[in-house]
Amino acid sequence: MEGLKIVVVGGFGVGKTTMVRSVSEIRPLNTEETMTQAGLGIDNTGGVADKTTTTVAFDFGRISLSEQLVLYLFGAPGQERFWFLWDRLFAGTLGAVVLVDTRRLEDSWYAIDRLEHHGTPFIVARNNFPGAQHGLEEVRDALTLSPDVPLIDCDARSRESAKNVLITLVNHLYALSSARETAS
Amino acid sequence: MTTTNPNLEWLLENLVESTPGANHALVLSRDGLKLCHTRALGIDRADQLAAIAAGVQALSQSASVEFGDGTGGVRQSMTEFHGGVLFIVEAGEGAHLAVLASEDADVGLIGHKMDELVEQIGAFLTSPPRHPRHSQPA
Ligand SMILES: Nc1nc2c(ncn2[C@@H]2O[C@H](COP(=O)(O)OP(=O)(O)OP(=O)(O)O)[C@@H](O)[C@H]2O)c(=O)[nH]1
Ligand SMILES: [Mg+2]
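These protein sequence lines map, in sequence, to chains S and U.
Each residue of the first sequence is one higher than the one before, counting from 1 in UniProt numbering.
Each residue of the second sequence is one higher than the one before, counting from 1 in UniProt numbering.
Okay, chain U solo, but in the shape it has when bound:
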């Protein structure tokens, strides 16, 4: 998508700069496409991360539906691997926020900063449905 919003980009850069251990941030649509990201991530890796993060969140969502208490939703997905940690939270409608951090990052702090950002500007972190919702007879 080309509607990359410079203000959002700036907020993501700011998130990464102000959070020790955070290296990259990306807002993606739930169907796996990048919406905006920090510059250093680069376009190719942003595309990859968007697809991966959408898949992770969809599987986490299914775990929540099958094994959660029924209130639904995914608070956060966290994947630790050698060389880094990937965090993903739900953002505004139709979007997720992903952060890549160093192995030794403060997990609690990163989660907190991500929630804070979503709280502030979640309304702008959206990717609306492509088709107007089919009106279902009630």
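Chain S extracted, bound-state conformation:
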């Protein structure tokens, strides 16, 4: 059996916790806290006005894609004050999902930057919030993603859709490693 450590990253409120929760087959680790009045003016919930909690450590869940393949999912906290945790979460990570909300694309730059810095392979999933208008190709341009980074649509609330994102990531990781093998 193979276990892969995967992180789910992205800006504040893009749906990282939602995604880990919707696919996990074990009770997910819960480090959500109610957003308090201390965060007014700091935590900008524009676009996700009904969001009432935020991740203050990290999400953790597990999903078996087959009898041979288990994914250990770590969801990063989105707010800048918790970014110091990211480098730890990235240690030993084989691949990452960058979740983006097209209404606030600039929030994903930091995540992509960190992953490129760590040399962690990733895919980008656009979480389909209502009102998302850009086509995927526009998203690719705006994020200046290289053509070989997979970019797909998802609904983080749906188990099937979230699972499909993870399968896309795993396929990407296998493709990268077999490309490396043929190259050597």
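Worth flagging that the hints you see were computed from the coordinates, not collected in a lab.
Check each hint, because a few of them may be wrong.
[To be verified] In silico negatives: residues of chain S with every beta carbon more than 10 Å from chain U:
hint, residue
1, GLY46
2, LEU85
3, ARG114
4, ALA132
5, GLY135
6, ALA142
7, LEU176
[Claimed, not checked] One-sided excerpt, in silico: chain S residues whose CB lies under 8 Å from chain U:
hint, residue
8, THR31
9, GLY39
10, ASN171
Where is the CB? At the ideal position from N, CA and C, for every residue including glycine.
With chain S held as given, fit chain U with the ligands onto it using these hints.
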């Protein structure tokens, strides 16, 4: 947050002064923002400590839920590292109280002093939810 309360600050200074080994104290919101702190901690380190302490408490809370007896809650988190000890207890609604102490501090005494302070003024050590609670149909 700018509603730093001079009386609370004074109580925190007093806690640190009257407790041997205690160096800094901070009240933080559960979502990781400083509410008030002793002066010597400084703003930057208060911001850092607030985020760290909120994360530690959230993980401790999960340990309590998974492995505790079901009554819930975290009595205290204590982290010993080279050069110091970090204590965190739940304060009033939506808040925690954190104390940084020297390595050789009396652990029992610090815990006791922190509980005492929360008992006295926990009602003021709060950070209310940002959104009025969504009324859930019962
Ligand atoms: N419409 C819609 N809403 C979603 C979707 N995914 C998440 N949400 C909502 O968006 C909000 C943000 O979701 P979270 O999962 O908490 O986001 P997060 O990225 O973990 O946030 P932080 O940990 O605070 O950075 C919540 O209110 C969700 O219910 C989606 O696919 N569509
Ligand atoms: Mg989250």
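Hints versus structure:
no. : hint   : verdict
1   : GLY46  : holds (14 Å)
2   : LEU85  : violated (7 Å)
3   : ARG114 : holds (17 Å)
4   : ALA132 : holds (24 Å)
5   : GLY135 : holds (33 Å)
6   : ALA142 : holds (29 Å)
7   : LEU176 : holds (32 Å)
8   : THR31  : holds (4 Å)
9   : GLY39  : holds (6 Å)
10  : ASN171 : violated (32 Å)
Checked against the numbered hints listed earlier, the structure breaks hints 2 and 10; every other hint is satisfied.
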